[in-house]
Amino acid sequence: MRDKSLLKEDTDRVDGFDKVTGRAKYFAEYQIPGTTYGVLVPSTITKGKITGIDSKAAERAPGVLAVVSHLNRPVVAGYETGKDQGVPNNMMKIFYTDQISFNGQPIAMVVADTYERAVYAATLVKGTYAKEAFETDFEKNLSKAKAPKNPAQASYLRGTADAYKNAAVQIEASYTLPTETHNPMELHGILANWESADKITVYAKTQGVKATQGTIASTFKLPLTNVQVNSEFVGGGFGMALRTWPLEIAAIIAAKQVNKPVKLVITRDQMFTLAGHRPYAFQKVGLGADKDGQLTGITHEAWGHTATYEDFTENVVSMSKFMYNSANVNTTYKIVPLNVGVPIWMRGPGEATGAFALESAMDEMAHSLDMDPIAFRVKNYTEEDPEKSRPYSSKNLKEAYKMGAEKIGWSKRNNKPGTNKDGNWLVGYGMSTGVFNASRGRASAKGILKSDGTLLLQSAASDIGPGTGTGMVQIAHEVLGIPVSKITFELGDSSFPTAPSQGGSATLSTVGSAVSDVCNALKAKIAEMATQSGLSASAKFVDVLKKNNLPSVEVTMESKGGEEQKKYSMYSFSIHFVQVKVNPLTGVVKVSKIVSVGDSGRIVSPKTARSQMVGGAVGGLGMALTEETVMDHRFGRYVNNNFADYHVPVHADIPEIEVVFVNKPDPYINPMGAKGMGEIALIGFSAAVANAVFNATGKRIRTLPITPDKILA
Amino acid sequence: MSVKEENIPENEGRRDFLKQGTLFTALALTPVSLLKAADQKADEKFAELFEKVSLRIKVNGKAHELFVEPRVTLLDLLREQLALTGTKKGCDHGQCGACTVHIDGTRVNSCLQLAVMNEGKEITTIEGLANEDVLHPMQAAFIKHDGFQCGYCTPGQIMSAVACVREGHAGSKGEIREYMSGNICRCGAYPNIVDAIEEVHKSGVQV
Numbered sequence: 167m168r169d170k171s172l173l174k175e176d177t178d179r180v181d182g183f184d185k186v187t188g189r190a191k192y193f194a195e196y197q198i199p200g201t202t203y204g205v206l207v208p209s210t211i212t213k214g215k216i217t218g219i220d221s222k223a224a225e226r227a228p229g230v231l232a233v234v235s236h237l238n239r240p241v242v243a244g245y246e247t248g249k250d251q252g253v254p255n256n257m258m259k260i261f262y263t264d265q266i267s268f269n270g271q272p273i274a275m276v277v278a279d280t281y282e283r284a285v286y287a288a289t290l291v292k293g294t295y296a297k298e299a300f301e302t303d304f305e306k307n308l309s310k311a312k313a314p315k316n317p318a319q320a321s322y323l324r325g326t327a328d329a330y331k332n333a334a335v336q337i338e339a340s341y342t343l344p345t346e347t348h349n350p351m352e353l354h355g356i357l358a359n360w361e362s363a364d365k366i367t368v369y370a371k372t373q374g375v376k377a378t379q380g381t382i383a384s385t386f387k388l389p390l391t392n393v394q395v396n397s398e399f400v401g402g403g404f405g406m407a408l409r410t411w412p413l414e415i416a417a418i419i420a421a422k423q424v425n426k427p428v429k430l431v432i433t434r435d436q437m438f439t440l441a442g443h444r445p446y447a448f449q450k451v452g453l454g455a456d457k458d459g460q461l462t463g464i465t466h467e468a469w470g471h472t473a474t475y476e477d478f479t480e481n482v483v484s485m486s487k488f489m490y491n492s493a494n495v496n497t498t499y500k501i502v503p504l505n506v507g508v509p510i511w512m513r514g515p516g517e518a519t520g521a522f523a524l525e526s527a528m529d530e531m532a533h534s535l536d537m538d539p540i541a542f543r544v545k546n547y548t549e550e551d552p553e554k555s556r557p558y559s560s561k562n563l564k565e566a567y568k569m570g571a572e573k574i575g576w577s578k579r580n581n582k583p584g585t586n587k588d589g590n591w592l593v594g595y596g597m598s599t600g601v602f603n604a605s606r607g608r609a610s611a612k613g614i615l616k617s618d619g620t621l622l623l624q625s626a627a628s629d630i631g632p633g634t635g636t637g638m639v640q641i642a643h644e645v646l647g648i649p650v651s652k653i654t655f656e657l658g659d660s661s662f663p664t665a666p667s668q669g670g671s672a673t674l675s676t677v678g679s680a681v682s683d684v685c686n687a688l689k690a691k692i693a694e695m696a697t698q699s700g701l702s703a704s705a706k707f708v709d710v711l712k713k714n715n716l717p718s719v720e721v722t723m724e725s726k727g728g729e730e731q732k733k734y735s736m737y738s739f740s741i742h743f744v745q746v747k748v749n750p751l752t753g754v755v756k757v758s759k760i761v762s763v764g765d766s767g768r769i770v771s772p773k774t775a776r777s778q779m780v781g782g783a784v785g786g787l788g789m790a791l792t793e794e795t796v797m798d799h800r801f802g803r804y805v806n807n808n809f810a811d812y813h814v815p816v817h818a819d820i821p822e823i824e825v826v827f828v829n830k831p832d833p834y835i836n837p838m839g840a841k842g843m844g845e846i847a848l849i850g851f852s853a854a855v856a857n858a859v860f861n862a863t864g865k866r867i868r869t870l871p872i873t874p875d876k877i878l879a
Numbered sequence: 462m463s464v465k466e467e468n469i470p471e472n473e474g475r476r477d478f479l480k481q482g483t484l485f486t487a488l489a490l491t492p493v494s495l496l497k498a499a500d501q502k503a504d505e506k507f508a509e510l511f512e513k514v515s516l517r518i519k520v521n522g523k524a525h526e527l528f529v530e531p532r533v534t535l536l537d538l539l540r541e542q543l544a545l546t547g548t549k550k551g552c553d554h555g556q557c558g559a560c561t562v563h564i565d566g567t568r569v570n571s572c573l574q575l576a577v578m579n580e581g582k583e584i585t586t587i588e589g590l591a592n593e594d595v596l597h598p599m600q601a602a603f604i605k606h607d608g609f610q611c612g613y614c615t616p617g618q619i620m621s622a623v624a625c626v627r628e629g630h631a632g633s634k635g636e637i638r639e640y641m642s643g644n645i646c647r648c649g650a651y652p653n654i655v656d657a658i659e660e661v662h663k664s665g666v667q668v
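In order, the protein sequence lines correspond to chains A and B.
For the first sequence, the numbering used here assigns the number 167 to the initial residue and increments by one for each residue that follows.
For the second sequence, the numbering used here assigns the number 462 to the initial residue and increments by one for each residue that follows.
Derived from the structure by calculation, the hints contain no laboratory data.
Treat each hint with caution, since some may be false.
Just a few of them, taken from the derived set where beta-carbon distance is under 7 Å, the chain B residues facing chain A [claimed, not checked]:
1) F507
2) F511
3) E526
4) L527
5) F528
6) R532
7) V533
8) E541
9) Q610
10) C611
11) M641
12) P652
These numbers were taken from a predicted model, which means no experiment stands behind them.
Glycine residues also receive a C-beta, built at the ideal position from the N, C-alpha and C atoms.
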């Protein structure tokens with residue numbers, strides 16, 4: 167943001183200059199004199215008790231300042247609650263007891279004066295354990311599934327349960343999604359610096375500076391104002407930075423112990439064990455329809471894993487309740503506790519898991535009915551939300567289906583699978599729908615108009631990459647007419663006015679509304695000052711400030727939605743179209759063309775919005791074809807915990823991606839008429855690929871990822 | 462005089478070793494002063510002389526005369542000792558490309574290089590690609606085509622992209638995709654990155 171004059175277009179990213187020059191600073195890159203380095207020592211067992219930690223050799227190693235563990239850690243005020251677990255957000259208390267709940271759980275942290283010395287000394291720490299039997303195999307433990315305590319996850323029934331079983335046309339199928347790992351490019355960690363005994367500053371990798379501030383404050387029982395969290399740039403999150411992880415608390419504890427700043431950057435393999443993942447999921451879907459293709463029953467049952475020490479839940483079956491017109495719907499969702507680190511929402515979260523099953527099943531039903539998959543969806547289109555019996559704030563999916571079908575060349579698709587060829591390759595077309603709650607929460611922002619003609623906006627929002635600052639600057643520009651190059655939006659600082667975490671596709675809607683409200687208030691204030699000082703109400707703010715001899719004028723406001731949130735169901739929608747080529751000899755699947763259509767209200771920042779849809783398609787392609795975190799159940803360890811063996815898409819995997827937006831403002835959700843897009847960009851995508859593979863080959867793959875062995879099996 | 466490996470008790474730290482070792486005896490230190498030296502961490506300062514080696518290296522045109530441990534990677538030297546944090550650590554295993562720099566003009570994963578392997582060499586990082594406040598054509602093209610989101614892989618992508626064009630591997634989108642596949646972007650900006658590289662290549666501008 168230092169030199170916006172270098173930006174060629176108003177729609178360029180406001181932080182583009184910093185990002186392409188290497189000036190953007192991520193948490194591990196702040197220079198604090200005297201910084202020491204922390205390295206975690208992982209448990210080598212999966213369940214049991216620590217019987218001893220031999221840290222003598224490590225303590226004697228050069229440059230080592232401390233080996234911190236449950237045996238010697240300083241007092242952590244929030245730990246002394248009398249409960250075994252249950253510091254803020256029910257988080258595992260690190261270095262608290264001798265209990266081990268998953269493989270790789272940190273048993274100690276070595277702190278040394280250089281990174282290399284800390285890495286070496288960590289290899290010298292030897293833990294001894296009393297091992298206990300553990301469970302990491304999801305499918306073997308399905309019978310231990312339990313209903314989550316969260317009432318939002320309760321079973322749902324509309325009409326008659328399992329009505330599909332009485333339908334003229336029925337399909338019943340099971341779908342499996344393996345564990346996936348977020349793997350943002352930036353490694354997780356924290357840089358912790360106690361300024362005094364009860365005051366701390368951290369540089370964090372977080373999707374919510376206020377959330378991180380709250381967790382640290384309650385864990386160490388500090389006043390909020392004594393915890394400063396900075397997180398201006400975040401190198402990707404995809405959900406994994408939506409909470410403060412125990413490893414961050416470990417670094418803060420260690421910093422207290424050595425009384426020096428501690429920097430912890432975990433390793434790529436630790437990203438698989440200590441910073442969450444998308445849980446393994448098993449789903450059963452039953453669909454019933456009459457001969458004309460009218461759905462008469464939807465049954466959707468889902469199971470996902472969680473940790474033994476904490477419950478994680480997400481919305482896997484929600485889409486089945488309202489997406490299609492069926493008088494009878496029943497859903498259940500259960501969780502299976504395993505000896506793994508606790509999962510966390512991963513882009514699209516549960517909705518993406520659920521959409522893979524429902525949208526695959528919809529394709530299977532269309533095939534059974536010998537109907538075009540789009541025609542089948544249009545036949546069961548809902549004009550109002552059948553779950554909550556109220557209208558949608560806006561929904562333009564019929565138009566979106568047409569737009570996408572035309573772009574991908576849907577007319578070239580043959581409804582009969584396995585009949586379209588290009589040389590030795592089988593060609594298939596597939597589509598799917600995605601949907602995610604479009605919410606507007608509560609946020610505050612500060613706006614300062616200055617006599618030099620600039621506007622400074624501040625809010626404690628976060629940006630993991632979608633272009634938050636760029637969107638906010640454009641919203642302010644639209645309200646005040648100030649050139650984009652004269653507007654700065656600052657975020658990632660816990661001392662700014664409160665904003666929610668960046669998750670659930672809500673930032674643009676929530677923080678954007680606050681920015682819009684603040685700018686409108688500034689506009690009104692300037693107009694009032696103008697009139698009072700004898701200027702025209704439409705006088706320029708610079709002239710008004712000068713006339714009043716003021717260097718600046720500022721407004722801080724909170725903004726939130728009103729009654730409209732109860733009157734309407736608000737959702738963002740997407741449709742994904744893919745063309746695949748499948749080699750019948752090798753089983754290789756190449757996605758050769760992608761068209762993603764977004765129906766998410768008005769598009770505020772076209773360039774970054776397009777990129778977000780492109781990125782979701784790339785993530786969805788990984789989910790469909792390559793991503794799987796593989797556990798060796800003999801040891802309870804992940805075997806492919808690196809980028810060579812956990813395959814995220816690379817350049818060579820990605821074809822041209824066309825993005826189309828319906829771009830019609832939602833009349834109710836917020837002042838901009840804009841709905842969130844981060845999740846819908848990915849939700850449903852994997853089903854579009856599976857459906858295209860079926861269209862190409864006649865093979866229905868119900869277990870992701872769709873690897874060549876499954877095509878050839 | 463040589464110090465044999467078997468003289469060092471397993472898992473014992475250097476301080477114990479130095480306290481017992483023949484090295485100090487040879488230097489005519491009495492046991493008392495030796496223990497005192499150990500307490501004051503003089504042993505570590507002394508050991509540094511043996512542990513570190515000199516390294517002359519040019520980074521972004523600036524000559525450095527350094528004294529580094531042989532186990533320090535080029536990536537960690539740049540980030541932790543020279544405060545050049547534009548080069549990113551994404552995996553430390555040469556699997557993601559976030560740490561790509563140019564060594565004497567060739568693109569290399571700096572996490573797979575020990576710093577001391579680069580005696581006399583010239584390193585270019587993202588900070589040295591352009592002059593102050595004037596963007597390199599590839600940097601400008603990345604902004605124009607929005608070739609990034611979070612920005613973390615971006616310096617590596619750009620260093621790799623510049624090399625890709627210089628190598629003559631930017632002749633088509635397919636070729637660019639192949640020769641850029643060592644640089645992972647988890648945000649999924651790939652099509653935009655390819656567009657940026659293709660445009661720079663087609664413009665014929667000197668990179």
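How the hints compare with the structure:
A distance limit of 7 Å between C-beta atoms decides the matter here; for F507(B) the minimum to chain A is near 11 Å, and the interface restraint is violated. About 11 Å separates the beta-carbon of F511(B) from the nearest beta-carbon of chain A, more than 7 Å, and the hint is not met. A cut of 7 Å between beta carbons decides the hint on E526(B): the least distance to chain A is about 19 Å, and the hint is violated. The interface hint given for L527(B) is violated, since its Cβ lies 14 Å from the closest Cβ of chain A, which is over the 7 Å cut-off.
Here the hint on F528(B) is broken, as its CB sits about 13 Å from the closest CB of chain A, past 7 Å. Of the supplied interface hints, the one on R532(B) holds, with its beta-carbon coming within about 5 Å of a beta-carbon of chain A, less than 7 Å. The beta carbon of V533(B) comes within 6 Å of a beta carbon in chain A, closer than 7 Å, and the hint placing it at the interface holds. Contact between E541(B) and chain A, as hinted, is supported at the beta carbon level, the nearest pair being about 6 Å apart and thus within 7 Å.
Among the interface hints, the one on Q610(B) holds; its C-beta lies about 3 Å from the nearest C-beta in chain A, closer than the 7 Å criterion. Contact between C611(B) and chain A, as hinted, is supported at the beta carbon level, the nearest pair being about 3 Å apart and thus within 7 Å. Restraint check, M641(B) versus chain A: the minimum CB separation of about 4 Å is within 7 Å; hint holds. Interface restraint check for P652(B): the shortest CB-CB distance to chain A comes to about 5 Å, inside 7 Å, so the restraint holds.
Going through the hint list in order, the structure does not satisfy hints 1, 2, 3, 4 and 5.
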